[in-house]
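Number of protein chains: 2
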Amino acid sequence: MLEDKNKERTSLSELGEFGLIDHLTEHFKITHKSTIKGVGDDAAILHFPDEEIVVTTDLLTEGVHFDLSYVPLKHLGYKAVMVNLSDVYAMNASASQITVSIAVSNRFPLEAIEELYAGIQTACVNYKLDLVGGDTTSSQTGLLISVTAIGHVQKNKAVQRSTAKEGDLLVVSGDVGAAYMGLQILEREKAVFKVNPQSQPDLEAYSYLIERQLKPEARKDVSSILQQLEVIPTSMIDVSDGLSSEVLHICKNSKVGCNVYEDKIPLDPQVISSCEEFKLDSTTIALSGGEDYELLFTISPEDFPKIKGNPNFSIIGHMTQESEGIHLITRANTKIELIARGWNALSKEKN
Amino acid sequence: MLEDKNKERTSLSELGEFGLIDHLTEHFKITHKSTIKGVGDDAAILHFPDEEIVVTTDLLTEGVHFDLSYVPLKHLGYKAVMVNLSDVYAMNASASQITVSIAVSNRFPLEAIEELYAGIQTACVNYKLDLVGGDTTSSQTGLLISVTAIGHVQKNKAVQRSTAKEGDLLVVSGDVGAAYMGLQILEREKAVFKVNPQSQPDLEAYSYLIERQLKPEARKDVSSILQQLEVIPTSMIDVSDGLSSEVLHICKNSKVGCNVYEDKIPLDPQVISSCEEFKLDSTTIALSGGEDYELLFTISPEDFPKIKGNPNFSIIGHMTQESEGIHLITRANTKIELIARGWNALSKEKN
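Sequence order for the protein chains is A and B.
Using my numbering, read the first sequence as starting at 8 and increasing by one per residue.
Using my numbering, read the second sequence as starting at 8 and increasing by one per residue.
There may be inaccurate statements among the hints.
For chains that are exact copies, the list does not tell them apart, and a pair is met inside one copy or across any two.
List time: in silico SDA-like cross-link candidates among lysine to any residue, alpha-carbon distance up to 25 Å [what the hints assert, rightly or not]:
(1) 36 / 260
(2) 222 / 147
(3) 162 / 272
(4) 227 / 43
(5) 36 / 169
(6) 271 / 21
(7) 259 / 29
(8) 40 / 57
(9) 271 / 161
(10) 162 / 39
To be clear, the hints were calculated from the coordinates, so they are not data collected in a lab.
These numbers were taken from a predicted model, which means no experiment stands behind them.
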């Protein structure tokens with residue numbers, strides 16, 4: 008019998024919108040008491056007695072935020088959720104629900120969308136999220152994913168970016184710059200592949216960088232670590248557009264200045280070695296790379312002993328009077344103005 | 008002095024993402040006590056003590072949901088909000104916050120996006136909504152708008168589509184079919200314009216149809232009218248994909264059957280006359296046209312006297328046992344199975 012080579016390509020219009028939504032969401036479980044009604048009505052119904060809720064939304068578009076020639080759809084689904092969770096955690100809140108809307112061109116068969124949703128489902132399981140709604144439609148070209156995340160936080164306990172004080176210490180979780188270098192590696196491999204499709208890349212030496220780019224994890228743990236340490240951040244933001252851009256956001260919103268110390272910025276050894284290989288300045292990459300999904304926060308100087316030496320955190324600077332400005336103190340002890348060269352989705356050139 | 012003909016075209020990348028968001032949202036006012044923090048942090052902070060919240064989201068894509076050759080951007084912004092509010096009202100909830108994300112190709116200057124936001128702002132003013140977040144990014148082609156609407160409702164007062172009972176009456180607000188006929192008129196004018204760009208269309212006779220297509224209003228008033236009448240709907244859904252599709256949703260989710268009476272379906276005179284002109288069956292258009300943004304609901308038969316004769320509502324049928332099926336009773340008193348031929352965003356052909 009002849010094999011049907013097309014058997015794994017089911018067209019989306021065969022299922023129709025409602026059939027597709029039913030199909031894609033049937034394996035998602037509702038686990039939160041706060042979800043009264045999830046997918047399947049005009050709107051989801053949620054209930055958070057006594058708590059405040061936080062709401063954030065992000066849009067990822069093909070050719071701008073991701074390149075499907077090296078981003079597996081499953082990872083893309085996972086990352087689209089992480090990008091939003093990172094914003095929820097940056098409010099010191101717990102994430103509990105998401106909605107996911109996708110626009111897809113008809114070049115994507117059902118199996119591709121299933122892969123995308125498999126990644127979304129893995130994120131829901133790992134981060135204990137209920138998928139409560141969304142929309143599925145076609146686009147004239149490419150793939151677009153819009154995720155809204157909802158979280159909750161005790162009344163008056165949300166941490167904003169506008170409440171840093173002069174004298175506070177500036178702290179970042181994990182390390183920065185790796186996701187950007189992961190992108191450089193993937194772009195280089197794509198270029199190599201175009202010339203020689205038989206090439207077998209050895210990416211072992213860049214494994215951390217690639218993982219940070221393709222499968223970032225939002226820092227759900229930071230809030231509970233800080234709680235154990237009995238530290239309440241005075242302000243907080245997530246590092247999505249680049250460390251320098253986020254420092255400027257905190258400063259602008261809190262009306263303070265800042266000194267960031269170059270030698271304190273946490274870099275993974277793979278960032279240092281790949282920057283050497285690519286002849287890039289690792290500090291520039293750390294400051295402007297973006298997509299780190301770490302948390303940047305300020306703490307009262309009194310909390311210094313509680314944070315000092317903690318392997319999860321690096322104290323990278325301190326807040327000053329607004330009039331003192333925002334500076335990077337280099338290894339050579341020179342003071343240069345910190346400017347945002349962060350990633351800008353509006354000016355990114357087309358691939 | 009020579010006039011700068013380009014003075015009204017500002018490129019989006021000149022402002023950057025944050026500059027653009029600041030610029031577009033500066034005229035939006037926060038009016039709800041439930042909005043603790045709107046635009047300007049990682050996430051919005053909301054608080055609804057004692058109430059349940061409802062969340063819904065919809066995605067509109069260029070070339071699938073709208074054609075910018077005849078849809079003014081201001082109307083598009085307004086409509087993108089209405090589509091979502093309609094879902095909130097269909098839960099018997101009050102809408103209070105929205106987030107708006109857009110993906111735009113660089114063929115759109117700033118002034119175009121300002122128009123879009125002017126429409127969104129008008130919707131926020133008219134419907135008392137706080138814009139609390141969103142995302143702005145570029146797309147490789149075209150325009151895409153993703154809106155999430157948040158509403159609130161007293162505990163246990165949300166009305167779902169799964170709670171209709173055998174014997175309940177089926178009621179629809181306003182009239183149906185007009186938005187679809189408006190689209191036919193606009194498509195026809197577009198075709199005429201292509202042949203003769205000098206043509207001056209007289210659209211007076213179709214004014215209601217065009218308004219229903221380009222500037223629909225969500226039925227915010229229905230919930231309070233019903234409250235005044237002391238009627239609590241037993242189930243409710245909004246009419247976005249077509250009346251027949253929504254009847255089927257209520258039936259499927261409530262496990263009931265239904266008889267819909269053709270002669271009871273409310274049609275505007277312009278729908279009847281334009282259907283004659285286009286040689287279309289007005290009942291088919293009313294059942295399958297979609298985009299009406301009316302509310303379809305069921306009421307207990309005891310509430311019949313309260314609704315009867317009310318100019319806002321038409322009683323179009325009644326719910327039966329599930330085993331009796333879902334039927335249209337025609338003017339000729341024949342019984343034909345009701346099937347969903349509603350608009351399907353996944354199978355719509357490209358323009």
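A quick look at each hint next to the structure:
Taking the closest pair of Cα atoms, residue 36 and residue 260 come within 25 Å of each other only across two copies (19 Å); inside a single copy the shortest separation is 39 Å, beyond that limit. For the homomeric pair residue 222 and residue 147, the shortest alpha-carbon distance between copies (24 Å) is at most 25 Å, but the shortest distance inside one copy (28 Å) is not. When the C-alpha separation of residue 162 and residue 272 is checked against a cutoff of 25 Å, the pair qualifies neither within a copy, at 33 Å, nor between copies, at 49 Å. Both within a single protomer and between protomers do residue 227 and residue 43 lie at most 25 Å apart by alpha-carbon distance, with minima of 24 Å and 23 Å respectively.
Proximity of residue 36 and residue 169 under a CA criterion of 25 Å is satisfied inter-copy only: 19 Å between copies versus 37 Å inside one chain copy. Proximity of residue 271 to residue 21 under the C-alpha cut-off of 25 Å is found in neither arrangement, the shortest distances being 56 Å within a copy and 33 Å between copies. With identical chains, the CA atoms of residue 259 and residue 29 are at most 25 Å apart between copies only, with a shortest distance of 13 Å across copies and 45 Å within one. Proximity of residue 40 to residue 57 under the C-alpha cut-off of 25 Å is found in both arrangements, the shortest distances being 14 Å within a copy and 15 Å between copies.
Neither within a single protomer nor between protomers do residue 271 and residue 161 lie at most 25 Å apart by alpha-carbon distance, with minima of 33 Å and 51 Å respectively. In this homomeric assembly, residue 162 and residue 39 come within 25 Å of each other (Cα to Cα) both inside a single copy, at 19 Å, and across copies, at 17 Å.
The structure fails hints 3, 6 and 9 (numbered hints given earlier, in ascending order).
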